[in-house]
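Asks: In order, the protein sequences belong to chains A, B, C and D. Positions in the first sequence are counted from 1; adding 2 to them yields my numbering. Positions in the second sequence are counted from 1; adding 2 to them yields my numbering. Positions in the third sequence are counted from 1; adding 1 to them yields my numbering. Positions in the fourth sequence are counted from 1; adding 1 to them yields my numbering.
Some clues are possibly wrong.
[Claimed, not checked] List time: in silico PhoX-like cross-link candidates among lysine-lysine, alpha-carbon distance up to 20 Å:
{"id": "1", "chain 1": "B", "residue 1": "K25", "chain 2": "D", "residue 2": "K250"}
{"id": "2", "chain 1": "D", "residue 1": "K154", "chain 2": "B", "residue 2": "K112"}
{"id": "3", "chain 1": "C", "residue 1": "K27", "chain 2": "A", "residue 2": "K25"}
{"id": "4", "chain 1": "B", "residue 1": "K25", "chain 2": "D", "residue 2": "K405"}
{"id": "5", "chain 1": "B", "residue 1": "K25", "chain 2": "D", "residue 2": "K168"}
{"id": "6", "chain 1": "D", "residue 1": "K358", "chain 2": "D", "residue 2": "K308"}
{"id": "7", "chain 1": "D", "residue 1": "K358", "chain 2": "C", "residue 2": "K140"}
{"id": "8", "chain 1": "C", "residue 1": "K250", "chain 2": "D", "residue 2": "K169"}
In case anyone wonders, no lab produced these hints; they're calculated from the structure.
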Amino acid sequence: MTIAETQQQIISEFSLFDDWMDKYNYLIEMGREVPRIDERYKTNNHLISGCQSRVWLHADMRDGKIYFTADSDAVITKGIVNLLIRVFSGRMPDEILEADTDFIDQIGLKEHLSPTRSNGLVSMVKQMKLYAQVYKLKQSN
Amino acid sequence: MTIAETQQQIISEFSLFDDWMDKYNYLIEMGREVPRIDERYKTNNHLISGCQSRVWLHADMRDGKIYFTADSDAVITKGIVNLLIRVFSGRMPDEILEADTDFIDQIGLKEHLSPTRSNGLVSMVKQMKLYAQVYKLKQSN
Amino acid sequence: MKPFADNEIAEIRSHFPALHQKVYGKPFVYLDNAATTQKPQAVIDRLVAYYSLENSNIHRGVHYLSQQATQAYEDARQTVADFINASAANQIIFTKGTTESVNLLAGSLRQFYLLEGDAVLITGMEHHSNLVPWQQVCKQNQAELLVAALNDKGETDLDHFAELLDKKPKLAAITHISNALGSVNPVKEMIRMAHEKGVPVLVDGAQAVAHTSIDVQELDCDFFVFSGHKMFGPMGIGVLYAKAFWLQKMPPWQFGGEMVDQVSFEETTFNQLPFKFEAGTPNVAGVLGLKTAIDFLKQYDMEVIAKHENQLMQQALEKLLTIPGMRLIGEAENRAGVISFVVDGTHPSDIGTLVDKMGVAVRTGHHCAQPVMTRFDVPGTVRASFALYNSLADVEGLFQAVKKAVMMLR
Amino acid sequence: MKPFADNEIAEIRSHFPALHQKVYGKPFVYLDNAATTQKPQAVIDRLVAYYSLENSNIHRGVHYLSQQATQAYEDARQTVADFINASAANQIIFTKGTTESVNLLAGSLRQFYLLEGDAVLITGMEHHSNLVPWQQVCKQNQAELLVAALNDKGETDLDHFAELLDKKPKLAAITHISNALGSVNPVKEMIRMAHEKGVPVLVDGAQAVAHTSIDVQELDCDFFVFSGHKMFGPMGIGVLYAKAFWLQKMPPWQFGGEMVDQVSFEETTFNQLPFKFEAGTPNVAGVLGLKTAIDFLKQYDMEVIAKHENQLMQQALEKLLTIPGMRLIGEAENRAGVISFVVDGTHPSDIGTLVDKMGVAVRTGHHCAQPVMTRFDVPGTVRASFALYNSLADVEGLFQAVKKAVMMLR
Ligand SMILES: Cc1ncc(COP(=O)(O)O)c(C=O)c1O
Ligand SMILES: Cc1ncc(COP(=O)(O)O)c(C=O)c1O
């Protein structure tokens, strides 16, 4: 599945819910899911600052693709973290660089990705793009 | 005439004017009148600060009475200065200490004696009272 | 003294347009009053009247609007002085808020009073705004920051406070009411203790002014600071009160505008009090709005307000404590305005997010008091904070929302 | 480009409720715009809407109102950035006004940049707010204040300015437009001259923003400051723009609230830009009002506004100069917004008092620029200052009132 297809899939999953409770219950469920980040990466080095809740992000390159793992101490944040990982992990750098996060908006969670919300998610997306940039440079060397 | 009588006289003089122009013309006229202050007292020592216009005040004690002379560089301010001198000069310290300046209010010039107007007149009245206080103390010694 | 009756609360609420809206289609429950309070219609109307017909720059203007605005501005200063029972209006300095008031004080004292080898004493429950300015002054001037510890209830340890006073700090800066814990410091007693050792005291009244009546002369504090926006006034306006002795000694901190007397390129002499400390065009509208807020507040008895709020807090506590895993952060004997809590197995920000969806506005996070969070070893708390217009329905709304959120999260 | 037609002026005036009142029963002629401008209805309405339904503390709040207010606040920052063509919104720091902006800059630069033996260069026409802060920093840090002289027309002597630049000041702080003389400094040229010598430049734009369009990138100024209340916005809000390079280097000046990242009693790390410089609860209402003022202003073409105002000034000058003894203070080739004058044999304050009685609001005094008064050897001036809503009728009202006042006084 391409990034766009995965995003579309998420959108249709969320379209099943007609009230906020079901949506958040689903989000919370996803927040409880693996893949968690390897505990040894839950250090300040991998911490993305965001003062309400904390997000840790780790990236690995295998066969030209970038694999992300992440965690958060807040479960709703983590639900969104996992959505982002589902979309962006296992992709090639260029795919990641070209993708946007409009699907978050379309499933009605826009406020969580607002630069004014200090939950670290905006920084996480930035960080994922940065990783993609760096790995891309590495490849071309 | 007592202070009260002089004030009453000023009030009736002003009651003749039914528009502001006549009143201010009269004030300006008075602003041109002597008694001016002796030039040698127009120094920073006798200056009452007030940043829009400046007021100089000098006091003398003779036969138990205080005589004020004053000047201002603005003619309207000086008109009011002269009214104040007419009321307060040649009085005994106690008379000055007891008197108020409500007549300024009654002739419709209250704003000029507002603490928020930086023309030095409020400070001038304070200074006149201070002189009265000081001379009174001197007498009782 | 009885708390407000239901119809009285309804009357009070009718003055606050913001309370009558729906959020996500649900009745709006506003319990973020420690962050900022809503504004009564009278305050809004005052701003409208000012900007529609009275707007002018003040002082030194001879024209009509300028005179009127100057008069209104200085009248408001008197109202503020009366409100905290300052002995003279020129002891009231208008700032943009508590934070600026503290920074003004720190910025002035560092020039002549807080010097190398000196110390400043604070408590462990200070808001960053009454902590970081002192910490930074101490750092810049090689002075020491002393911190009176909190006990497990979130009260200042008075023995420790006394011990630190023996180190002869040059200033004690203490909050009246903690915005993170709700603890009420025994400020009068603490001021007495400090004065016995010759230590002047700044009281941070940001959380106090809407909940308790203030008498700076009775407290005998040397400095008192607060914000208009936390007591039903507009944003962008605050107050620094100081004893005359201090204001006379203190050099100005900001420069420009009407705070000068004579200016040449070589030298500047400064204006008299209070203008010496008010640089630049003042926020006239803010000051007039603050006066209106005080006039509004004065219609009610502060003791009744306090009773009412305490009753609500009591009711909220009783209900919330029925939720399994509920843990209060801050259990001072004497508290006001604020309930702070965490629920085991949940993150405060998750609770905040979910109760918001149910129309309940609480604050989550460290409440600008990170050392308090460190002290109680929590990543943050959920904080519900009360004002005179809150009702039992708000308490019920809070309880139901938190209960549901916790259910969803566990 | 033609100036506004009469019907356009009528349309513009219809937005400003304050202009439609009577003062002493006479039509109100407001010519004190350099002190503060009147507010369009849209700005007043914005404040009402905010305080009625949107009021909240911002940043870090997860509840609905707080999110909305935060968003609106940050949108306004972008609007301001666009207004002066800053390359990024985080180069816009909100302050309470020009004076605080300059003090922030001075308070930050004095910590690491303006040190013993350094110099700061200003011009002879600076407002106290862009003079006294630098004078005091120089005094505190044993640096030197250099002053570029004014010629008899009230223009900066550019040769002298160049000479002083050779002394390698660490900063040049120059006003764009003089509030006392109306002189427009050739800021772009002066910035170029300064940069050639490696001297960064602060432009005081307080009098510029309502009269001319600003492009900080084209000017290439390092710092730019202005006040909301002088450009149809609310009081208590202002802006400091700086190049990113400087903002990154500059330490914060006020402490507390959201300007921190991590706080312990031992140490504090600071938040990212622009928050590092915004201590305490921001004046959200003020910021939103400023945005609305900018949106209002953007409906018009700045060049048309300038043409209109210049035409009015020209007409006023022609009329006023027919009054015997009329003496202009400030006759720069390039001027904007302001006419300053004295009339031989009269005192400015007397003229101000009398024209006020005729419903005409002008300012008299030293206009917070005492050195300018000293330079031209006058106790003060009468100043008429213009805004886009002034009309030919205002000019006529001014002329008739001054003529009558002078008649009465002589
Ligand atoms: C040129 C100039 N600079 C600075 C200021 C100070 O602005 P504010 O009083 O809004 O801080 C003014 C306004 O009086 C001004 O005209
Ligand atoms: C106890 C306390 N002190 C200081 C402040 C700072 O007030 P402001 O943000 O209005 O400057 C606050 C408000 O957050 C507070 O609660």
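Asks: Take the hints in turn and mark each one as holding or not.
Replies: For each hint, the structure was consulted:
Simply put, K25(B) and K250(D) have alpha-carbon atoms about 62 Å apart, too far for the 20 Å limit, and the pair is violated. Restraint check for K154(D) and K112(B): the C-alpha separation of about 39 Å exceeds 20 Å, so the hint is violated. Between K27(C) and K25(A), the direct Cα distance comes to roughly 18 Å. Compliance with the 20 Å bound is thereby established for this hinted pair. Annotation: proposed proximity of K25(B) to K405(D) holds, straight-line Cα distance about 15 Å (limit 20 Å).
At roughly 58 Å between alpha-carbon atoms, K25(B) and K168(D) are farther apart than 20 Å, so this suggested pair is violated. Proposed proximity of K358(D) and K308(D) is contradicted: the alpha carbons are some 30 Å apart, above 20 Å. Straight-line distance between C-alpha atoms of K358(D) and K140(C) comes to about 56 Å, which puts the hinted pair past the 20 Å bound. Annotation: proposed proximity of K250(C) to K169(D) is violated, straight-line Cα distance about 36 Å (limit 20 Å).
The earlier numbered hints that this structure contradicts are 1, 2, 5, 6, 7, 8.
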